[in-house]
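Q: Here is how the chains run, residue by residue.
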Amino acid sequence: MNFHSGAAQLAPLAIVIPIIAAAVLLSVGRWLPRTLIDVLATGTAAATVGLDAALFAHTAGGRVVTWASNWTPKHGHSVGIVLVADRVGSGAALLAGALMLCALVFSWRYFDSVEAHFHALMLLFLAGMTGFALTGDLFDMFVFFELMGAVAYALTGFKVEDPTSVQGALNFGIVNSFGAYLTLMGIGLIYAHTGQLGLAQIGQVLDRSPLDALVVIAFVLVVTGWLVKAAMVPFHFWLADAHAVAPTPVCVMFSGIMVELGVYGVFRVYWTTFSGILPPDDIRRALLVLGILTAVVGAVMCLMQRHLKRLLAYSTIAHVGLFICAAATLDDSGTAGAAVYVLGHAGAKSALFLLAGVILARYGSVDEATLHGKGRDAKATAVLFAVAGLALSGLPPFATSLGKAIGEDALLARGYWIGPVLFVAVSALTGGAVLRAGARIFLGLGPVPAEDQQQTSGDQEERETQSLPRMPATMMLAIVTLVAGCLVCGIYSPITHALGRGATRFVDHAGYAQQALFGRAAHSVALPTGIDWTTLGVALGLTSTVLALLVAALGLYAEKIRRAAERVLDPFAMVGSGLRRLHSGHVGDYITWVFIGVTALAALVGIPLRQ
Amino acid sequence: MSHYAYFVAGALVLVGGFGIARSRNLVHATICLSIAQAGTYVLLMAVGYQTNAPAPVFGSTAKPTKQVVDPVVQSLCLTDIVVSATVTALLLALSIQIAKRHDTVDPDELVALQG
Amino acid sequence: MSRTARMWLLGLGLIGVGVCYALAALDLPSFGSTFHPYRDMAVPAAVAHGAANAVTSIVFDQRGLDTLVEEIILFGSVIGAVALLRPSREEQEHGPSPMGRVLEPTRLLGYVMLPTTLVIGVDVVTHGHLTPGGGFQGGVILATGLHLLYVAGSYQALDRLRPVALFEHGEAIGAAGFAILGIAGILTSAAYLTNMLSYGTLGQMFSAGTVPILNAIVGVEVASGVIVLLARFFDQAVLLGHQRESISVPQPGELR
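Residue numbers (our numbering), protein chains in the order written: chain A, 5 to 615; chain B, 12 to 126; chain C, 8 to 263.
Rather than coming from a laboratory, the hints here were simulated on the basis of the structure. Note that the structure is predicted; figures quoted are calculated from it, not measured. Wrong hints could be hidden among the right ones.
[Said to hold, decoys possible] With a straight-line Cα cutoff of 27 angstroms, these simulated DSS-like cross-link-like pairs (lysine-lysine) come out: (1) A:LYS378 to A:LYS564; (2) B:LYS111 to A:LYS78; (3) A:LYS78 to B:LYS77.
[Claimed, not checked] Listed next, the stretches of chain C that the computed footprint assigns to chain A, with coverage defined by at least 3 CB atoms under 8 angstroms from CB atoms of chain A: (4) 131-139; (5) 168-178.
Beta carbons: idealized from backbone N, C-alpha and C, even for Gly.
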């Protein structure tokens, strides 16, 4: 039994270094010049990336287990808290660190920081996300989740002079906190039933328990908080509001990794704790239904937006639906597909958000209609926007396309032909919406769309920086790094192979407990099937890209088409309009949907089990 | 009657959620969120209780024994209370700013984010 | 959604969640049962590490990482609330309006209770490992005790005796102190946040290793954080007092 490897202390250090730096920034921030604050914050993020990378390297041979406060287990029992860093978890932490580094580089010098408070909050956000990805204790997950949440509410409302900002932050705060309290109810139920709080320990007890209503409802309640964060339908309403108003570097973190950590949380809890007791077919069906619904709603709402950041937010919701569908296959290939897709999506979506930030800085608006044709002279921005939009549509060889291909393959292998259809359709619709916006803004194609009272306009966005005539080098560097990263991860196969092996370990229920509780070294794992590029994958990727260009072209002339084919398209328009009215910005509506969502999930999981 | 405490906990969460959903004032909604969280305190403490067991504090008169009320849920509850206080503070700060920017704290009148 | 539609949907959701929770609650061990496996391990561990208050031992020693993050949640929320409550470019700093008269009994009570509360607060913090209490509880008592100056005196009196910058430093020291003490654990015993000082005898002032030290650090952080938080809310109250007429709050019974 070995719990004292040298790498074991990397995990707590990766969590704590940003905390100490944030405390220093709070204390001396008022006296430091802006450049020094930027250097300190960016340096801390870089150091955290280094620690995460070292931890990731150590996960090649298995999981890195850290028992905090030295409470190593005796005979598989311990009173302490464990941090279990496996490849997927440390990879998520590494992604969070890398995105934070890009976000801080982007906000270099130009973003108002209020005595280093912005930087301190960002570093605490990084600490919360790192901890959530690395912990192996259910209550500790909740605590890190609340840290992520509290700091995120403050960051979302950071532009206090903007009326929409503070409203979006409040909606975000109330809905996410309520979801977290439902999770805590679930944790209380599980603790009463098993008497344990560690993921591995609970799993051990549940493996030997009979299946009853308590376990099912506890599962539903525990994952509710994570699903609210992941913005699965019908918990998704807060996401568009929060993304529309948060400062650009913060949106990068939200769409790039925070929302995906919700999906991670669901499957981490499932695999370590409930996979021995809940029948996989049941969970698979429930999550697939909700995942498909999420993807469709997200894609449809995405098409109907004129506010650039809301458009990107709904695209994130649609992609989260795809991540859930891929991971809901409940095997190593699907999980690997979800992991690679998350990686690629982080690069492409973050770049798009940063480009939206550049557009806001340059032209003072993020409204597609207002910006019609304004971007004709912004060559570099236009090219990057096009490339990122094509990456989002699933153009090979970007990592988004590879993740999509692996996910489609995994769903097909399970007999779900709807998988590839959904993936292609959603990538085409969301990528098409992005490309349509780009064509309108940078090429001035198509007529200027009419005013629509039901939509949120992008003209009310307050400037985050002073007016910038050209894209500063730091912003360009951040965006190019992200797009290049998306491309590299798709081409350089050792990265995807590493994630693939990590996925195989992620779904290993028994191995997790053996290593965390008994220190038994992990055996080596095989690559999941379908982890490389296949002809079918490339073909589907090209199909979705071509369809995206078609959707963009149709979107440019949407008004004319609607008038020409009014009788045929009217029912669709009514459905779309009704869907849009549901997204009312009213926090009471959102909480109502949370209750409906919990009921729906419980029904989907529980009713088939009554036989 | 042996499960009454658990039902009280569930009722508090439902009442809190009901309050937020029909609220006409953001400060009221924030307090309803705290009420919902109070349900979690009740659940945790109810789970940890043991009949006729003393508090888990030892001294000259109370010798160390395992037959005490569960101290683990008390530490969870402490964390929970701190989280509640901090979230309430943030939401109230946001309510103040909303009041200043929108001249109202009625969610029905906040129509800036639609579609 | 219209209000009626929302109420119907809400009713459906509440019934659904209520039924689910009731089904689960019925399978819980009955209230007051003896099934507490975690307690059976935690209490002997607490006693072995010399802590007379098992709860504090769990909070700071056994599940210390949770407490560190909890403290940082408070730290981050205070930074966030301060950032959210910053005065905008147009708002100028108005001085507080002159206070009304404070009743003599209130003033007397303030004179008596302020030092008493502060002493009780320090007592709760320092004896957290021996009797019920601890850093969080004592920190809140200290912070709110200081505000008796406002209740029994005036806002100006509070403002003069409460340098916010000092308390921001206190917050930072509390937050970083906990984290750095954990790193000291790595340097001495190869695990983060280990309780590496001597455990002493159960019930003595200097027992339970690092627990009293962490109690004190958390007490400083919580007290400073709450004082800073309340200071910013007070600033807003002063500002809002000058703008109260323009904000619409629906009165009870008002139909819209």
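Q: Tell me the numbers of any earlier hints that the structure contravenes, in ascending order.
A: 2, 4
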